[in-house]
Amino acid sequence: MHYKIKITGGFVGFARTYEGETDISLTQLKALQRISKSNLRDKKVFRDGQQYNLTLTDNEQVYTLEFTEQEIPQDLMNLISSLKGG
Amino acid sequence: MCKTKCQIIPPHILEELAKRGNVSCKKTLNDTGRIAERRQTALNHLLLRNPILGDGDRFVYDCENKYEQRVTLVRKENGEVTGDVTADKAYDTSGFVRDYFRETFGLNSIDDNGLDIISNIHYGENYNNAFWDGDEMTYGDGDGKEFTDFASAIDVVAHELAHGVTQFLANLEYQSQSGALNEHFSDVFGTVIKQKYLNQDLSEADWLIGDSVVTDEFPGVAIRSMKAPGTANEFDTQPDHMDNYYNGTADNQGVHINSGIPNKAFYLSCLEIGIDDCALIWFETLKSLWRTANFNDMVETLVSVARDLASDSRISDRAVEAVSKSFSEVGLAPIVV
Ligand SMILES: [Zn+2]
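Note that the protein sequences, when read in sequence, are chains A and B.
When we follow this note's numbering, the leftmost residue of the first sequence carries the number 79, and every step to the right adds one.
When we follow this note's numbering, the leftmost residue of the second sequence carries the number 3, and every step to the right adds one.
Quick caveat, the hints were computed from the structure, so don't treat them as lab data.
Note that beta-carbon positions come from the ideal geometry of N, C-alpha and C, so glycine has one too.
Take the hints with a grain of salt, since some may be wrong.
[Stated by the list, open to error] When the alpha-carbon atoms are kept at most 27 Å apart in a straight line, the in silico BS3-like pairs for lysine-lysine are as follows:
no.	chain 1	residue 1	chain 2	residue 2
1	A	LYS162	B	LYS289
2	B	LYS68	A	LYS84
3	A	LYS162	A	LYS84
4	A	LYS82	A	LYS162
5	A	LYS162	B	LYS147
6	B	LYS198	B	LYS229
7	A	LYS122	B	LYS198
8	B	LYS198	A	LYS82
9	A	LYS84	A	LYS108
10	A	LYS82	B	LYS147
11	A	LYS84	B	LYS289
12	B	LYS68	B	LYS91
13	A	LYS115	B	LYS68
14	B	LYS229	A	LYS122
15	B	LYS289	A	LYS122
16	B	LYS91	B	LYS147
17	A	LYS82	A	LYS108
18	B	LYS289	B	LYS198
19	A	LYS108	B	LYS68
[To be verified] Computed footprint of chain B on chain A, listed as stretches where at least three residues anywhere in the stretch have a Cβ under 8 Å from a Cβ of chain B:
no.	segment
20	89-95
21	100-113
22	135-141
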């Protein structure tokens, strides 16, 4: 499956994009999304938070996820870290 | 005197009154938003902040590369050196920023009530960011390829801590022009405090933000430049004039982009009257601004504050002219009444 991660905003300010292939399935991805949640979710004031846009393409099927820094589940952050390799 | 009335006046009327200099209405307006935000946070956390005045004590937590805050407390006020360079730097720099605001403006920590200063370090893995979340600061280590150790940079720490100060003084809404002003104030105190920390004068200062968090591989010298917005790196799209104002929706309508315009004006003002006079004018202006203030409101307030400070002989008598000229150069000429 092809992935594309776009990170915008944050202290750095400008957009960064990471692309590549992953063997994660959509089912696994949806499970990650369901079971974990961010411990920043309840923060109402947020400055320099990033915006995460994750697009996965598998046999013509396109799956897109969008999160703010407050909302993104921790396991997805871990996944993004591993995909972009830093 | 306005307290009771202000609470039943709709926000848009409070904003108009605040613009016309009604300090009580501005305070009520800012407090209303702040109280609602804090009440929600408190309910969700089942945590109520102690109303007793604090001392602005520092607490440094190691997130141990997890995407979680406050994992392990590694250093607190007057605590022993940890041996972790990032932890000890975060402790030292946050103390320097706290002391600058206290000694220069008499501000008792971030909220002027001695709020604890909490820093989270080693957040996540290869995390390329630092943020203020309304209560505390959080820093990534960077990916080591393009970015490194956000908590060790004095300007980054001052920038994030200043977001807290702005939240409590003006609560500038984080979108469009008020959001760009929010970013601007953080860069202003980021660069002022960096120059103090490094004992630099105007001729030595580089006016760069985040120069020490970018690696040699990064295609640029820093994240932003106040002297020359738009030139800090290959991706830097900050304008330095209203002619190039960013009208798009990205980055909360360009909060980190359009901040380049007032940033340039601040730099030009400092060349005219020095960084200390400018820091005082900008700090007093922050106290007078309100949640939805835009660039024109900012210029009007700066000029008015500069006039008052100059008439009290607290700053140069050339300040009004210097600020007006600097903002005119970036396309924000003050309206002459
Ligand atoms: Zn910021």
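Evaluated hints:
1. A:LYS162 x B:LYS289: Measuring from Cα to Cα gives roughly 42 Å; hence the hint is violated.
2. B:LYS68 x A:LYS84: 21 Å, holds
3. A:LYS162 x A:LYS84: This hinted pair holds, its Cα atoms lying about 10 Å apart.
4. A:LYS82 x A:LYS162: 9 Å, holds
5. A:LYS162 x B:LYS147: 12 Å, holds
6. B:LYS198 x B:LYS229: 17 Å, holds
7. A:LYS122 x B:LYS198: It is violated: about 32 Å lies between the C-alpha atoms, which goes past 27 Å.
8. B:LYS198 x A:LYS82: 42 Å, violated
9. A:LYS84 x A:LYS108: Measuring from Cα to Cα gives roughly 19 Å; hence the hint holds.
10. A:LYS82 x B:LYS147: Holds, at roughly 19 Å.
11. A:LYS84 x B:LYS289: 37 Å, violated
12. B:LYS68 x B:LYS91: 20 Å, holds
13. A:LYS115 x B:LYS68: 13 Å, holds
14. B:LYS229 x A:LYS122: Status violated; Cα separation ~33 Å.
15. B:LYS289 x A:LYS122: 22 Å, holds
16. B:LYS91 x B:LYS147: 21 Å, holds
17. A:LYS82 x A:LYS108: 16 Å, holds
18. B:LYS289 x B:LYS198: 22 Å, holds
19. A:LYS108 x B:LYS68: 21 Å, holds
20. 89-95: holds (count 6)
21. 100-113: violated (count 0)
22. 135-141: violated (count 0)
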